[in-house]
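One line per chain: the protein sequences are A and B, in this order.
Each residue of the first sequence is one higher than the one before, starting from 17 at the first, in the numbering used here.
Each residue of the second sequence is one higher than the one before, starting from 248 at the first, in the numbering used here.
Derived from the structure by calculation, the hints contain no laboratory data.
Just to be clear, a hint being listed does not mean it is correct.
Said to hold, decoys possible - Derived DSS-like pairs: lysine-lysine, alpha-carbon spacing no greater than 30 Å straight-line:
id : chain 1 : residue 1 : chain 2 : residue 2
1  : B       : 487       : A       : 83
2  : A       : 83        : B       : 470
3  : B       : 487       : B       : 470
Claimed, not checked - Looking from chain B toward chain A, a few residues come up when the C-beta cut is under 7 Å (computed):
id : residue
4  : 283
5  : 337
6  : 340
7  : 344
8  : 559
9  : 560
Ideal Cβ placement from N, Cα and C applies to all residues, glycine included.
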Amino acid sequence: MSGLTPLWEVFIRTRNGMAHRHVGSVHAADAALALQAARDVYTRRGEGLSIWVVPSNAITASDPADKDELFEPATSKAYRHPSFYDIPDDIENM
Amino acid sequence: MYTQALNNLDLAPDGTDPREARFMARIDAEERIEPNDFMPEAYRKTLVRQIAQHAHSEIIGMLPEGNWITRAPTLRRKAALLAKVQDEGGHGLYLYCAAETLGKSREAMMDELVDGRAKYSSIFNYPTLTWADIGMIGWLVDGAAIMNQIPLCRCSYGPYARAMIRICKEESFHQRQGYEQIMTLAAGSPEQKAMAQDALDRWWWPSIMMFGPSDSESVHSEKSMAWKIKRFTNDELRQKFIDATVPQAHRIGLTIPDPDLRLDEETGHWQIGPIDWEEFKRVLSGDGPCNADRIAARKAAQENGAWVREAALAHAEKRKARAAEPIAA
Numbered sequence: 017m018s019g020l021t022p023l024w025e026v027f028i029r030t031r032n033g034m035a036h037r038h039v040g041s042v043h044a045a046d047a048a049l050a051l052q053a054a055r056d057v058y059t060r061r062g063e064g065l066s067i068w069v070v071p072s073n074a075i076t077a078s079d080p081a082d083k084d085e086l087f088e089p090a091t092s093k094a095y096r097h098p099s100f101y102d103i104p105d106d107i108e109n110m
Numbered sequence: 248m249y250t251q252a253l254n255n256l257d258l259a260p261d262g263t264d265p266r267e268a269r270f271m272a273r274i275d276a277e278e279r280i281e282p283n284d285f286m287p288e289a290y291r292k293t294l295v296r297q298i299a300q301h302a303h304s305e306i307i308g309m310l311p312e313g314n315w316i317t318r319a320p321t322l323r324r325k326a327a328l329l330a331k332v333q334d335e336g337g338h339g340l341y342l343y344c345a346a347e348t349l350g351k352s353r354e355a356m357m358d359e360l361v362d363g364r365a366k367y368s369s370i371f372n373y374p375t376l377t378w379a380d381i382g383m384i385g386w387l388v389d390g391a392a393i394m395n396q397i398p399l400c401r402c403s404y405g406p407y408a409r410a411m412i413r414i415c416k417e418e419s420f421h422q423r424q425g426y427e428q429i430m431t432l433a434a435g436s437p438e439q440k441a442m443a444q445d446a447l448d449r450w451w452w453p454s455i456m457m458f459g460p461s462d463s464e465s466v467h468s469e470k471s472m473a474w475k476i477k478r479f480t481n482d483e484l485r486q487k488f489i490d491a492t493v494p495q496a497h498r499i500g501l502t503i504p505d506p507d508l509r510l511d512e513e514t515g516h517w518q519i520g521p522i523d524w525e526e527f528k529r530v531l532s533g534d535g536p537c538n539a540d541r542i543a544a545r546k547a548a549q550e551n552g553a554w555v556r557e558a559a560l561a562h563a564e565k566r567k568a569r570a571a572e573p574i575a576a
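In isolation and in its complexed conformation, chain B is listed as follows (with noise of 0.2 Å):
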C-alpha cells in the first residue's frame, strides 16, 4: 500500500519537476513527510539506505552481546542482558517496518545484508572478549547510538522519527545497565578494574569512529542536512560525545587511551588525538576482526528459521482453505 507511482510526471518548462520546489518547502517549513507523498527518488533512496544500515546495526549488535548471556556473572546482569538483546531485535523491527513503508521489502533487505551489498556499524565487527566488554557496549557503544538517535527523532521522514522516538527511550536503559556494570568493575578488585581499563582501551576508539568520517570526508552529509534527515553533522556528534563520557570516565578512575586528550579551557571541549581512519576504512569495508564471523551467524539464522516460515504460512494457507470450504450438510 506504500509504494509509489512515479509516471505522469508533468515537468515545468525549464525541465524541473514542481513537486520537488513544493517538497523542499515542506521540509524547510519543518513539516513531516509520510509514506505516500511526493518525495525526490534520492530522498528516497538515502532513507532506504540510512534506515536499512540502522536496522541491520541493531541485529548484527545483537550477536556480540548474546556471546555472553549464558555467562553473565549474576542473576541480575543476566536478566538485564536478555532485556537489553531483546530490545535491540525490537530497534531492527521496528526500523525495517520504517524502511519498508519507503518500498522496499524486508526479504530484499536481509538478503543484502547477509550477500554483502548492505553495511552496518562497523563497530560490531570487533569481539567481546571479556565480561567487562558487555558493560562498554551499553556505556559507550549505546551512548554514541544515542547521540546520533536523538536528533533523528525529529528527522523529516514521520515514521523513520516515530521509531527513533521508541528507540531512544529504550537505549537509555541500555546506557544506565552497562555504565552501572563498569563501575561495579571499577570498583572492585584490582583484576576487575583491569578488566574494565582493558575494554575501556579496546572500545573508545572504535566508539569514537561510530560518528563515521570527518565532515570533509564525508559523502552524504550536505545533503542529508538539507532534507533535515540529519540535524547535526558527524563532527558535532563526535564532540558531544566525547565531552559526555570523559567525564564519566574520569568519575570512576578509568583512563581514556589517548596521550592527546587535554581540555581546551577556553572551549570548555575536551580535544583527542588523530583518529586511525585508516583501520575505520579497513573494518567498514569488510576487514575487520568479526566481519565474516558475524555475516555467518545471520546467515545461519536466516536459511536456519526458513522452514520455521514456510511452515507457518503453509499452515495459514491450509486454514485459510478450510475455512472456506462449504460445511457439510
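Isolated chain A (complex conformation) (with noise of 0.2 Å):
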C-alpha cells in the first residue's frame, strides 16, 4: 500500500438523536487529515453535526455469497413477529 494515500469511510451523524450513517469515503494520509477531507467533501451544506471516519480496511464486510446462510434463517422464522399470533379483535391494547 506504500506510496498509495489510505481510503477512509465516512459516517455522518445528520442531527442529534440519530445514529452516524455511511455518506461515502475520502483519501487522506491520517485520520486527522480524513476528517477534515471529509468535512469539505460531505457536509458543505449543513448535511451534519459530527463526522467519523475509519480506514476502509479496518472494515470487516459479509460475503454476499453468505446472504442465504446468514439472512435467510430470520425470514423463515415468521413467528418472531407479533403478526404471527392470532388474538380476537375485541382484544384491546395488545
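Combine the two chains into a complex, taking the hints into account.
Printed below as a string of C-alpha cells:
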C-alpha cells in the first residue's frame, strides 16, 4: 500500500438523536486529514453535526455469497413477528 | 476490500456462467448491484469507464470556471462561483470513490486522465472568453448535466446511483445561479445583452452535443440500457433539454443560434437543425480549442502537489512509528 494514500469510510450524524450513517469515502494520509477532507467533501450544506472516519481496511464485511446462510433463517421464522399470533379483534390494548 | 475474485468459475453445461443469468434477473427486477456482488466483467468495465469519465469531467470542469473567480463582477457572484467550483471538485471526489468500489485505484484513473487515455466531456475544451460564459456554463452546461444525471440516480449500480443523488441536489444551485447571471446581463445595457447573446451563440451547440452521438451512432447505448445503467437514450435526453431550454432563452429575449429551430405544433417538441458531428468528433479526439491547456493544467496540479501528498504520508508514517515505540522508563 505504500505510495498510495489510504482510503477512509466517512459516517455522518445529521442531527443529535440520529445514528451516524455511511455517506462515502475519502483518501487521506492520516485521521486528522481524513476528518478535514470529509468535512470539505460531505458537509458543505449543513449535512451534519458529527463526523466519524474509519480506515476502510479496518472494516470486515460479510460476503454476498453467504447471504442465504446468514439471512435466510431470519425470514423463515415468522413466529418472531407479533402478527404471527392470532388474537381476537375484541381484545384491546395489544 | 472491494476487489473481487473472478476465479473458481463453475460453468453450466452449455458453457455459460449461471451467475450471469442470475445477475440479469436481478437487474430486470430493479435490484441494485453492490460492490462485492457478482457482475459480468463487461458491466464492470462499462461502469468504470463511464464513472471515471464522469469524474474527470467534474475535475476538468473546474478549470474554465476557475479562470473567472478573481474577475467576478461582484462579491455575490464571486462567492457563488467559488462555491460552485468547490462543488465540482466534490462531485469529482464522490465519483472517483464510486469507481474505486469497482476495483480501480484513484491513482490509475488520474494517470489515465493526464496521459490522454481517459476521456472527459467535450464541452470543457471550449474557452471561457467573457464573464457571460460563466453564466452560460451554469445555465446550459449544468442544465444539460442535470438532464443526464437525474436518470442516473436510478442506475443499477448502487454506489454510482448514490453519488448521483448527492450531485443532483447540488447541480440545481449551479443552474439557477447561471440563469440568474444571464438574466441580469440580458436585462442590462445593450453591451451586456450582446455579451449574453454572444455567449449563447458559442455555447448552444456544444451543449447540445454533450448528450453524445445520435442513438444510431452510439456504440455503448444498447448494452447500457439493458443493464439499466442508462435509462434514456442520448436523443431522448437531448430533446428533453431542448424543450426545457428554448423557452428559457425566449423568456429573457435571447435568440437560439439555429435558423432551423421551430416548434412542432403536433408533438409539442422543438425541432433543431442538423448537428455538426464533425466538430464533436474533433473536439473529443483532442483537437478542440483548449484540450492541450486543460490536460497541461491538470498535469501541473498533479505534479506540483506530489510533494504535499508524499510529505503527508511520511508524516503519518513517522507519527505511527513514534506511537509504536516503547516509552522509556
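These are the hints, each one checked on the structure:
1. 487/B / 83/A: Not OK: residue 487/B and residue 83/A at ~41 Å, beyond 30 Å, violated.
2. 83/A / 470/B: holds (28 Å)
3. 487/B / 470/B: Roughly 22 Å between the alpha carbons, so the hint for residue 487/B and residue 470/B holds.
4. 283: Constraint on residue 283/B satisfied, holds at 5 Å.
5. 337: holds (5 Å)
6. 340: Since chain A brings a Cβ to about 5 Å from residue 340/B, closer than 7 Å, the hint holds.
7. 344: Hint holds; residue 344/B Cβ to chain A Cβ min 5 Å, cut 7 Å.
8. 559: holds (4 Å)
9. 560: holds (5 Å)
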